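*Asks:* Assemble the complex: chain A is given as a structure, and chain B must be docked to it using the hints.
There are 2 protein chains.
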Amino acid sequence: MGEFELIRRYFQRPGGTNPAVALGIGDDCALLQPAPGTQLAISSDMLVEGHHFFPDVDPEALGHKALAVNLSDLAACGARPLAFTLALSLPRADAAWLASFARGLFTLADAHGCTLMGGDTTRGPLNICITVFGEVPVVNGRSQALLRSGGQVGDELWVSGTLGDARLALEALQGRRTLPPEQLQAARQRLERPTPRVALGLALRGIATAAMDLSDGLAGDLGHLLQASGCGARLEAAVLGTLPATRAASLEEAGRLALVLGGGDDYELLFSAPAAQQDAVRAAGRAADVPLTCIGRLEAEPGLRVVDAQGRLLEVRHTSYDHFA
Amino acid sequence: MGEFELIRRYFQRPGGTNPAVALGIGDDCALLQPAPGTQLAISSDMLVEGHHFFPDVDPEALGHKALAVNLSDLAACGARPLAFTLALSLPRADAAWLASFARGLFTLADAHGCTLMGGDTTRGPLNICITVFGEVPVVNGRSQALLRSGGQVGDELWVSGTLGDARLALEALQGRRTLPPEQLQAARQRLERPTPRVALGLALRGIATAAMDLSDGLAGDLGHLLQASGCGARLEAAVLGTLPATRAASLEEAGRLALVLGGGDDYELLFSAPAAQQDAVRAAGRAADVPLTCIGRLEAEPGLRVVDAQGRLLEVRHTSYDHFA
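If you read the protein sequences in the order shown, they are chains A and B.
Per the numbering used here, the first sequence starts with residue 244, numbered consecutively.
Per the numbering used here, the second sequence starts with residue 244, numbered consecutively.
There may be inaccurate statements among the hints.
Said to hold, decoys possible - Selected chain B positions facing chain A (Cβ under 8 Å, derived; list incomplete):
hint, residue
1, CYS272
2, SER287
3, ASP363
4, VAL379
5, PRO380
6, ASN383
7, ASP456
Stated by the list, open to error - DEER-style ranges, computed between Cβ atoms:
hint, chain 1, residue 1, chain 2, residue 2, range
8, B, PRO334, A, ASP353, 53 to 61 Å
9, A, VAL482, B, ARG346, 44 to 52 Å
10, A, ALA339, B, PRO423, 48 to 56 Å
To be verified - Calculated from the model, a selection of chain A residues having no Cβ within reach of chain B, i.e. all distances over 12 Å:
hint, residue
11, ASP271
12, GLU292
13, VAL300
14, LEU317
15, ALA318
16, ARG366
17, PRO368
18, ARG391
19, GLY418
20, ARG420
21, ASP464
22, GLU542
Derived from the structure by calculation, the hints contain no laboratory data.
Here the structure is a predicted model, which is why all the values come from computation and not from measurement.
The beta carbon of each residue, even a glycine, is placed where N, CA and C say it ideally should be.
The following block holds chain A by itself, in its conformation from the complex:
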């Protein structure tokens, strides 16, 4: 199977085309025509074997995750998915692997009307680089994109879904922790098949003041939002402790807190909104069918503080994921 046959067989498809894609796979460039009065939101993520996934990962889950982490960035900006490019470095052209990878990729792409419009295929160590394009309206000259920089002192801080379970699964798969089989299975789903919160991101436009997706752990990611918004935050330890879905008896409270703060691979949304918008926030969560939790609020004092039920400052350790630290 040659390079062009591989593309034709697994990645070139007649259906599923977003009307914004004026020309897809097969020429030197693809052509994308965003609707008038919109901006393109663009994000790129690269997944490397041994760093972002285990060598024996299910290729269908990998196809899903490679696109999911990119759609999660669009969700964080409140952008509607349009299309993506896929650059793929493969050690060999393995038909079964490719069919399974493509199935995971396109099932998620189709669910979001997101068209594979181009890319590159080459031989080399397994590496998947997706660049995704979404549409954000510009109203009266103002972009409706949700940014990290819009948080205001006094805003409430929210997260979607559950946090920490992907990290828990990672630790169990690395043999650093033991989980009952059914709990490992559920946590592993969170690690390998994250759900990008696209509908929630769209529903939060005009409501959230700042937003981002959680990929490297709450504490580190929130640090970026605080820096961009020029403020600090206070989080409620008791609330954070409820965020992991996994209810393992072996998981004491301090452990749950560390998982949530240092987690990673959650792909949930973190956002701020004025307290007066609480009803609108809850309505957005219901519309997108995602549970939302208010975890604290933004404060003028820089830095991140975690307090117990009595308002006492806790000393918490957390490490954010850094590929080069």
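*Replies:* Chain B only, in chain A's frame:
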């Protein structure tokens, strides 16, 4: 040096911003706002160590080439460069290597007003994936992009610059061929620092009927244009033989022909234009300061034929580069 420090130090720059970039590096997505009445031309290329470049390649040349091959795709479509994303997998954060790579990358980017607007950095085997965005006007509902599919029977076929020298350098560097030092030096420049023909692509809008860039060798690449345009072609062997810039005494005519047809890594433009447009084609070449050569013409009979000065069909062997064949 952590991941964010690495990005800040080498890739985040205040200047060089294309006005179409509404938001650059630092948020979940970048925001791109193409001018009204335009389409975005998009292309992705992935370069892998040991496959696309030697492990000991000069990182400055690599930074140049990684962007050049993407700009060459924009050139082939007649698109004006706007911006790009860079996803980079690095075995380690080597300050000297990064500084040199960034210098090569940004020198070329600045020359084309093309802004680095986002991307990803991770640890892993060296892999560089760039996705580039260019602008193409849409006039009366018709895209002005140059495609592979517009060639008409009777059109003349043209190539820009010189062909085969990059392949010659590759063979010499692999020890499969010997070249005098100054000829190796010149040919190596063609391999490691290709010049994307962006100005020529822009000048050919409305003149060329079909266009593409030459990356895998003339014969194979032309095959794609012929298939897309639904016709065949006849090429003049005597003209093809003049295309390599390298004039090594050891390079006999059959060898030059094989280099040109099977070459690879040329990053010149191949295009078709009506014979009546010959003056306009030559004017475009002068405006873009690139020599152009008419190598043959499109014919109704499918397939590729190479003929000698007497019009006799030559049997030519050529192999196109395929990562998986």
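*Asks:* Compare the structure with the hints numbered earlier in the document and write down the numbers of the violated ones, lowest to highest.
*Replies:* 5, 6, 8, 11, 12, 14, 15, 16, 17, 18, 21
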